[in-house]
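A.B. asks: Same order as they appear, the protein sequences are chains P and A. 1 is the number of the first residue of the first sequence in my numbering; add one for each residue after it. 1 is the number of the first residue of the second sequence in my numbering; add one for each residue after it.
The set of hints was computed from the structure by calculation and includes no laboratory data. Some hints here could point you the wrong way.
[Claimed, not checked] Keeping only pairs whose Cα atoms sit at most 30 Å apart, straight-line, the calculated BS3-like set for lysine-lysine is: (1) P:Lys17 - P:Lys101; (2) P:Lys101 - P:Lys68; (3) P:Lys101 - P:Lys56; (4) P:Lys17 - P:Lys41; (5) P:Lys68 - P:Lys3; (6) A:Lys14 - P:Lys41; (7) P:Lys68 - P:Lys56; (8) A:Lys9 - P:Lys101; (9) A:Lys9 - P:Lys56.
[To be verified] Reference listing, derived: stretches of chain A covered by chain P, where coverage requires no fewer than 3 residues with Cβ under 8 Å from a Cβ of chain P: (10) 43 to 49; (11) 105 to 112.
Each residue gets a CB set at the ideal place from its N, CA and C atoms; glycine is no exception.
Single-letter residue listing:
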Amino acid sequence: ELKVEQNPLFLSMQEGKNYTIYCNYSTTSDRLYWYRQDPGKSLESLFVLLSNGAVKQEGRLMASLDTKARLSTLHITAAVHDLSATYFCAVPPGQNFGNEKLTFGTGTRLTIIP
Amino acid sequence: NAGVTQTPKFQVLKTGQSMTLQCAQDMNHEYMSWYRQDPGMGLRLIHYSVGAGITDQGEVPNGYNVSRSTTEDFPLRLLSAAPSQTSVYFCASRIPGAGNTIYFGEGSWLTVV
Chain P
1 ELKVEQNPLF LSMQEGKNYT IYCNYSTTSD RLYWYRQDPG KSLESLFVLL
51 SNGAVKQEGR LMASLDTKAR LSTLHITAAV HDLSATYFCA VPPGQNFGNE
101 KLTFGTGTRL TIIP
Chain A
1 NAGVTQTPKF QVLKTGQSMT LQCAQDMNHE YMSWYRQDPG MGLRLIHYSV
51 GAGITDQGEV PNGYNVSRST TEDFPLRLLS AAPSQTSVYF CASRIPGAGN
101 TIYFGEGSWL TVV
């Protein structure tokens, strides 16, 4: 059974600081998704990581994937208040591109304080 | 272009009642899925479909039925609502292909009393 763990679960950080959210998964997978969710809202796609060593950046967020370590990181640079949200990673099992059985992590609730 | 549309947005049901959550997408996406999100948790897959006429079970399928008669629509039926089905339900769709983004609907808040 695929398990996806995120840490930390809660993160409070000051504006301007850097931090990293970690996503570990338990079995082989060929891709990983990162999503953002604001309170009471739907999920917004941030990144799709498709291969070992993949790195993607958008603004102050950068995501990377190490399939050998079964680890993805979401790095936040010089945090601003607008980044306050809950961040989820999600992983499909195995190496079948058609497999839709995503397993989500429990989320990291990020709060940026002035 | 409306994207993924879910109705209703809010619903209160009594235990034992049945209802259907509607999901429609106008992006011609072959893949569609239903998830539920419980407080403080990530999403869990209920059922999914890789095309019209094809459905399969996800992680938590018990108590739910789906059908996919058209590419656009993927309704989720609660057969006999239970308080344990109180949750937020999200419908999602995407085009086949590993790198393609999954688009989520706005969610349906369901309370079973």
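A.B. asks: Each of the hints needs a verdict: does it hold here or not?
C.D. replies: Verification of the hints:
A C-alpha spacing of about 35 Å is found between P:Lys17 and P:Lys101, which places the hinted pair above 30 Å, so the restraint is violated. This hinted pair checks out: P:Lys101 and P:Lys68 have alpha carbons roughly 21 Å apart, not beyond 30 Å. A threshold of 30 Å between alpha carbons decides the hint, and for P:Lys101 with P:Lys56 the separation of about 23 Å falls inside it, so the pair holds. Between P:Lys17 and P:Lys41 the CA atoms are separated by roughly 26 Å; this keeps the pair inside 30 Å, and the hint holds.
Of the pairs offered as hints, the one joining P:Lys68 and P:Lys3 holds, with about 16 Å between alpha carbons and a cut-off of 30 Å not exceeded. The hinted pair formed by A:Lys14 and P:Lys41 meets the criterion: a straight-line CA distance of about 25 Å does not exceed 30 Å. This hinted pair checks out: P:Lys68 and P:Lys56 have alpha carbons roughly 18 Å apart, not beyond 30 Å. A C-alpha spacing of about 25 Å is found between A:Lys9 and P:Lys101, which places the hinted pair at or below 30 Å, so the restraint holds.
The hinted pair formed by A:Lys9 and P:Lys56 fails the criterion: a straight-line CA distance of about 34 Å is larger than 30 Å. Under a criterion of three residues with beta carbons nearer than 8 Å to beta carbons of chain P, the stated coverage of the region 43 to 49 of chain A is upheld, 4 such residues being counted. Only residues whose beta carbon comes within less than 8 Å of a beta carbon in chain P count, and the region 105 to 112 of chain A has 3; three or more means the coverage holds.
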